[in-house]
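Colleague: Residue strings, one per chain:
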Amino acid sequence: MADETPKPEELIAKINHRPAFEDWMQVPVEIRKGMYCYASNPKSVEYVGLPNPRQWNPLDEDWKLPENWKEILFEGFRERLEKFRTFKVFMDICVRCGACADKCHFFIGTGDPKNMPVLRAELLRSVYRHDFTKAGRILGKIAGARPMTFEVLKEWWYYLFQCTECRRCSVFCPYGIDTAEITIMGRELLNLLGLNIDWIATPVANCYRTGNHLGIQPHAFVDMIDFFCDDIEEITGIRPEPQFNKKGADILFITPSGDVFADPGTYTCMGYLMLFHYLKEKYGFDITWSTYASEGGNFGFFTSHEMMKRLNSKMYMEAKRLGVKWILGGECGHMWRVINQYMDTMNGPADFLEEPVSPITGTRFENARSTKMVHIAEFTADLIKHGKLELDPSRNDNLRVTFHDSCNPSRGMGLLEEPRYVIKKVCNHFYEMPANTIREQTFCCGSGAGLNAGEDMELRMAGGLPRANAVKYVHEKHGVNMLACICAIDRAALPTSMQYWVPEVDVTGVHELVGNALILPGETERTTDLRGEDLPGMEEEADE
Amino acid sequence: MNVKYMYSLLAVVALLLIAWIGVAIGLKVVFGVIFPYLAVIIFIAGFAYRVMGWARSAVPFAIPTTCGQQKSLPWIKPNAVDNPFSKSGVVARMALEILLFRSLFRNTRMKLHQGPKLAYNLEIFLWVGALAFHWAFFTVIVRHLRLFLNPVPMPIQLLENVDSFFRLEILYDSFKMALPGVYMSGLVLLLAVTYLLLRRLFIPTVRYISQAADYFPLFLIFGIALTGILMRYFFKVDIVSTKELTMGLVTFHPTVPDGVSTIFFIHLFFVCTLLAYFPFSKLMHLGGIFLSPTRNLPADTRARRHVNPWNYPVPVHTYEEYEDEFRDKMIEAGLPVERMPEETPEEQTDTDEKE
Numbered sequence: 001m002a003d004e005t006p007k008p009e010e011l012i013a014k015i016n017h018r019p020a021f022e023d024w025m026q027v028p029v030e031i032r033k034g035m036y037c038y039a040s041n042p043k044s045v046e047y048v049g050l051p052n053p054r055q056w057n058p059l060d061e062d063w064k065l066p067e068n069w070k071e072i073l074f075e076g077f078r079e080r081l082e083k084f085r086t087f088k089v090f091m092d093i094c095v096r097c098g099a100c101a102d103k104c105h106f107f108i109g110t111g112d113p114k115n116m117p118v119l120r121a122e123l124l125r126s127v128y129r130h131d132f133t134k135a136g137r138i139l140g141k142i143a144g145a146r147p148m149t150f151e152v153l154k155e156w157w158y159y160l161f162q163c164t165e166c167r168r169c170s171v172f173c174p175y176g177i178d179t180a181e182i183t184i185m186g187r188e189l190l191n192l193l194g195l196n197i198d199w200i201a202t203p204v205a206n207c208y209r210t211g212n213h214l215g216i217q218p219h220a221f222v223d224m225i226d227f228f229c230d231d232i233e234e235i236t237g238i239r240p241e242p243q244f245n246k247k248g249a250d251i252l253f254i255t256p257s258g259d260v261f262a263d264p265g266t267y268t269c270m271g272y273l274m275l276f277h278y279l280k281e282k283y284g285f286d287i288t289w290s291t292y293a294s295e296g297g298n299f300g301f302f303t304s305h306e307m308m309k310r311l312n313s314k315m316y317m318e319a320k321r322l323g324v325k326w327i328l329g330g331e332c333g334h335m336w337r338v339i340n341q342y343m344d345t346m347n348g349p350a351d352f353l354e355e356p357v358s359p360i361t362g363t364r365f366e367n368a369r370s371t372k373m374v375h376i377a378e379f380t381a382d383l384i385k386h387g388k389l390e391l392d393p394s395r396n397d398n399l400r401v402t403f404h405d406s407c408n409p410s411r412g413m414g415l416l417e418e419p420r421y422v423i424k425k426v427c428n429h430f431y432e433m434p435a436n437t438i439r440e441q442t443f444c445c446g447s448g449a450g451l452n453a454g455e456d457m458e459l460r461m462a463g464g465l466p467r468a469n470a471v472k473y474v475h476e477k478h479g480v481n482m483l484a485c486i487c488a489i490d491r492a493a494l495p496t497s498m499q500y501w502v503p504e505v506d507v508t509g510v511h512e513l514v515g516n517a518l519i520l521p522g523e524t525e526r527t528t529d530l531r532g533e534d535l536p537g538m539e540e541e542a543d544e
Numbered sequence: 001m002n003v004k005y006m007y008s009l010l011a012v013v014a015l016l017l018i019a020w021i022g023v024a025i026g027l028k029v030v031f032g033v034i035f036p037y038l039a040v041i042i043f044i045a046g047f048a049y050r051v052m053g054w055a056r057s058a059v060p061f062a063i064p065t066t067c068g069q070q071k072s073l074p075w076i077k078p079n080a081v082d083n084p085f086s087k088s089g090v091v092a093r094m095a096l097e098i099l100l101f102r103s104l105f106r107n108t109r110m111k112l113h114q115g116p117k118l119a120y121n122l123e124i125f126l127w128v129g130a131l132a133f134h135w136a137f138f139t140v141i142v143r144h145l146r147l148f149l150n151p152v153p154m155p156i157q158l159l160e161n162v163d164s165f166f167r168l169e170i171l172y173d174s175f176k177m178a179l180p181g182v183y184m185s186g187l188v189l190l191l192a193v194t195y196l197l198l199r200r201l202f203i204p205t206v207r208y209i210s211q212a213a214d215y216f217p218l219f220l221i222f223g224i225a226l227t228g229i230l231m232r233y234f235f236k237v238d239i240v241s242t243k244e245l246t247m248g249l250v251t252f253h254p255t256v257p258d259g260v261s262t263i264f265f266i267h268l269f270f271v272c273t274l275l276a277y278f279p280f281s282k283l284m285h286l287g288g289i290f291l292s293p294t295r296n297l298p299a300d301t302r303a304r305r306h307v308n309p310w311n312y313p314v315p316v317h318t319y320e321e322y323e324d325e326f327r328d329k330m331i332e333a334g335l336p337v338e339r340m341p342e343e344t345p346e347e348q349t350d351t352d353e354k355e
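Residue numbers (this note's numbering), protein chains in the order written: chain C, 1 to 544; chain L, 1 to 355.
One chain only, chain L, in its complex shape (with noise of 0.2 Å):
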């Protein structure tokens, strides 16, 4: 029995109870002031060290991987893209990489079917749903600036426009109810988090390779977008006080006006979880993927000298310890050696090195 995500979802499940009984105990502080401040300082010195410690290790050689043609003669066309020559190959190599997941897209699904014939199909739902993920989380990211900054930037204002385009009004003149506009990119982060955890507990190659480790960011970020999600459709919290304190945060004035919910409590904890966890976990996978050297490096090695760090002098057999061994030899098989074989006579010696 694979216990793993039990495991993460009874940690989340605590920091949700922490959270409660927190609030519920008078520590508003410390969860709506001290812990978001630790976890912004340990995400940011955290995030630094780690990509500082991948900075420090050397690239001795350029290992890109090439997923195209190289480069060579002027009448066959390259890939400048998957196997970039020139570092504006890398730089759209590496933004496609980045933002639209092209290794990814890729993927395919391997079967096994009877003859034996094997079969290669396109599997598009892992790049998908992981586009899914990230674009509505960076559009959640983004949106969320609206509670740190006052007025509210003009690109903000419409992304939420353009957002929450979709609205459920009811307008008859007994009647009328209008929800807030409805943001796609909660819903869709909630959708997409959703299937990722779905494919980690059914597919079976997914199941075996998962950690607890894969599935705790997974529940945390669900609870983040469900609390996000109850608070604002349905328990309305109070936004003027939520947003004094979040710009309290922001200017170093922080307070903790009344009216804050519990709710978004438990909601900034689980954020200031996922803050303070992300640099020591696999989700330091956003600044990594910046330095992966299969990726980040021009395939030109032929082109131009790589230059390793670390370059050491090694042991190696020379050509004169070659002949030594094999210069009989080497005479008899009418091959040209460098030296006569000591005993012979000088001038014979000559007469060969003339050759």
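So here's chain C without its partners, still in its complex pose (with noise of 0.2 Å):
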């Protein structure tokens, strides 16, 4: 963590929920240092042929834009009227009953009323009015509209990289204002400038070229799985191993990378290679990775949408080359809204796909018959339902757990239940957060929609604090140890937040847990959990 992040107190002492007596369009947009992320990297602009590549710095007065960015963006603002029905409706019919303005978590954390989702959109229906309403044109300010300047246009990128698209807002908004809709139309008009931030554009490019964001390429994939069968086979005595790019297999599994990566996702990844090697062994289970189609994630959703297909394509194509049967999908979260609401309508339809059905139940999933992609909660919450799976949840005894229902999981897809029940069959003590923390009132982490860099420290942490004071709450009353989640972005950004908030808390993914509590054919007592910590009970055994 950066030093010049506030300490908490700190961070809490500048929070001030009641805006002054100002008018909002007078106060000048100041881009403070651990608020923002830096500049993308022109290279990686230039992969993917985004426009206006060139090194340019958020703090700098020239932003080096092209000489009619003005008519660029107001083009494009018009063609996104016209393409989009949630755009123009949602400039015209806010009616500013203020219902979303303390919903969201960079409001609750930072106090900055431009992080109202109302007023997050109102910088954008400013300009709106000013150059496509009537009303805007000939009243001007009277009628809540102004010309597009550069002030503008800064704040334009400093608010829009200061939401995270998680949707809480618009649960509660009575016409369905969806600022994430609001968020991403910005973006992607920014974009159309050159104005995107690195921790975005580097690994849309990575994905582009390497297949995954991290821009691992395929050799040390292969490598960064084999090193967890080694981790596997010491604390259990089983060596899984997994298929790579196999032809003919059945199903084709796609995880965010970042599970392959760093802790603690590299536990939930060890998780899924535990299932499948179990599933294999009891019932010929035929799963295989993919290095090509090696990123679940979909950083091109934070871009526009056009990169969001671009990089959405390859699970299609790699499924139709590979000719599995469907696809599985790990535990991630934007990964989820595009499949569940993009991936079908942007690249299918899927025809040369089947209908899921899982190998070892016979279920149908016949709410993914058109998609044809599974998440991995549904499909290991319907393996212990048929009590197919052997758990032993008392390894998991030694934490007490919540679970943190990601954004787009629970507001783009509805996933509540099952994560919930895997849990609760893997292990013996699950205790909720407050019902307003959770579902689809969840908060975000606070670094989802590619905020999860360092630069950005005290927006993150002041972003997170609603999500890790529910969890705060949760510690105190029933001493609760681990927050369980199923979204990559969280299991980054969570236990920063959390040694931020309240470090006695860890984070985990639901398969890890998954993984501690399966029983493979043959294996060795455990001694250890995925992590090498002792298990409940070989404490002792190993003092004695």
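In case anyone wonders, no lab produced these hints; they're calculated from the structure. Please read these numbers as outputs of a predicted model, since none were measured by experiment. Be a bit skeptical, because a hint or two may be false.
[To be verified] The list that follows gives simulated cross-link-like pairs (lysine to any residue, SDA-like), each with its CA atoms no further than 20 Å apart:
1. K246(C) with L201(L)
2. K134(C) with F43(L)
3. K83(C) with W54(L)
4. K141(C) with Y5(L)
5. K246(C) with L297(L)
6. K329(L) with E476(C)
7. K117(L) with Q243(C)
8. K114(C) with L38(L)
9. K87(L) with E366(C)
10. K329(L) with A220(C)
11. K134(C) with K117(L)
12. K134(C) with N296(L)
13. K117(L) with L11(C)
14. K114(C) with R18(C)
15. K477(C) with L112(L)
16. K329(L) with L214(C)
17. K4(L) with A135(C)
18. K282(L) with T133(C)
19. K14(C) with N296(L)
20. K117(L) with E366(C)
21. K246(C) with T205(L)
22. K4(L) with R18(C)
23. K117(L) with T133(C)
24. K83(C) with M52(L)
25. K14(C) with K111(L)
26. K14(C) with H285(L)
27. K83(C) with K329(L)
28. K83(C) with N296(L)
Make one complex out of these two single chains by using the hints.
Modeller: Structure representation (structure tokens):
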């Protein structure tokens, strides 16, 4: 964590939820250190052919914009109003009732009034009124309109990259106005001028080239998975043998590359490997990983609809090339929003695949009959329900677990019960956080939608406050020490946020818990969990 | 200093003066006939124009906000309304949104306490206020149909009776007085609009986001409700001549009978302003709520493909390009490849392909 990041007390002391008496249009934007992400690397922008690649710095007065940047924005705005009814309706119908105001984790954590979802949208609406409505053109400021200027552009950039597209506000909006959608459009427009952040642009370029955000090349990908297999062998005496790029496999497995790369996602990855090995030994399960489609996540989603489609295309292309029957997807947040609400529309129809059927239980996943992609929580919950897994939940007895609903699976899908069912079957101690902070009302980790960088740590910790505060509540009330989640960004972001706000709580993926509880055929007696920590009851034995 | 509400208040006062002076200098036909016709034309044409404008925009993706359990495995109970899989679910969801403001009902108020401890308490007042405002307004409008229909249909009379069940009557022998039945709807409308106004002025976050365009309709509707109430209970306008005027409008035989009082013209002018203003303002949420794609589409996108009318092919990075770049490394790592390197003898490629 950067040294300049304020301490938790200092951060709390800064928060004031009572905006001053002032006209927000008169308040100039101040791009503050710790609150923004670095500008994109021109090489990444160039690699995927996005506009205006150049070195630039948001703190500079000159952003090296194309000369006709206002015209580009105007045209882009006009085009999107025609292409997206969401955008047009959301520009027009907000009544500023304020229901969304205190629903945003960034407003709660910073107190910056421009982080109220309604005002974030007004940043765009004010320009929309000026450029596209008669009232705005004639009445100007009285009608809440203002022309596009460089100052306004800076404001857009700063605040559109202080939104994690979590959609919590849209749950409360009486018209369903979705700030995520507005941010998505705003970022698309900014991308027309080459105004992106590097934490998004470089993963996008990596993903395009190597198949995953981290730029892991095929041989390294195999090596990393191999390394997990070593660990599993050490812990259980059993070595899984995953298949890669295998033609004719039954199922293709795609998970976010974060699970292959960094703790604690790696333990979740070990959980997948153990589950697949178990199913292969017991039931002849035939699943393959792909190095080409080695990314579930899609940072293109944070860039533009087109970029999202370009990156997402690999899933179906690879499934077709390998000739699998259907696709199984790992634990990830925005990946599942893209799969659930966009993939089939963008890159379907996937008529070369079959309607997903679990080869083990025979369950037909009718809810995925067109997209042909099943969430691993659905898949595993079905296995457990049918008694197909031998589990020893006591191996997770040292954990008192709570579950963090990731934004996208809850508000862009509704995957709420499946992971809970799995957790309750593999753990004996499970506690829910307060009702207003879970399920469709869940809070973002604070680092989603591409904001999980190091340089915006203050922003991330502020945005992480509401989630962390709810965790703190169950930690104090029930002694919760483990926060389970089904999102790779969560697994990357929440450990930092927990360390900052509730240091006693660690973070895990759901399938790490499954891996701990799953009794592999022929395994040796385990003394540690997947993290190499002593299992409950084994600490004494080690001492004796 | 925030002067946005002052602009709006002044605008409404100006409207009042315009009507007053206009009638005083004898422009009764303008205020009693021409403006009402104009306002209705602008309202209908403007409303249709705006709705058609939205309808013209495409719906490339189905992105409902899911607010409950999805339909997945047969033994997990889905939330058929907040995460609707079927059309009937969508209809139920929309009906709840439009008639009962379902999403607003979820409203909470966040408070940061010492600790730090964040609390989210149910905040029901906005929902109650909004519901009271809209339903009262609706009742008032329906009630007003009596001025445009002759004879007055049964349902409207029934509504009036229910609405005015509360009566004030003094029946002493020496002194008898009876106010006309008090319409609850008018009073509730006035109270609700006052509440909505006060919260804009006094809740800091709401004040911060409020614009002149938010205060103006509130002041205007306040003016409409107030003039209406004054007319009924205090000024006692000549109801016969007033109905003659309104019936004249609706039957396209406009007349301005004597005896219609100035306050009626003010009331009418406010209404005309509201009608004409409606299509160009946020009040269009009345139409927009039906078209909001996060609410009016089923959450069935994995089961049924949504078609994007402007879907276009995009440049992609194919597997072949990928393999061409990493082929040697892939072979070294034991990964299967589609094509062996070009310098490799033919036969080896063949064996590999057979694998």
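Colleague: Checking against the hints above, which ones are violated?
Modeller: Of the numbered hints given earlier, those the structure breaks are 1, 5, 6, 7, 8, 11, 12, 19, 20, 21, 23, 26, 27, listed in rising order.
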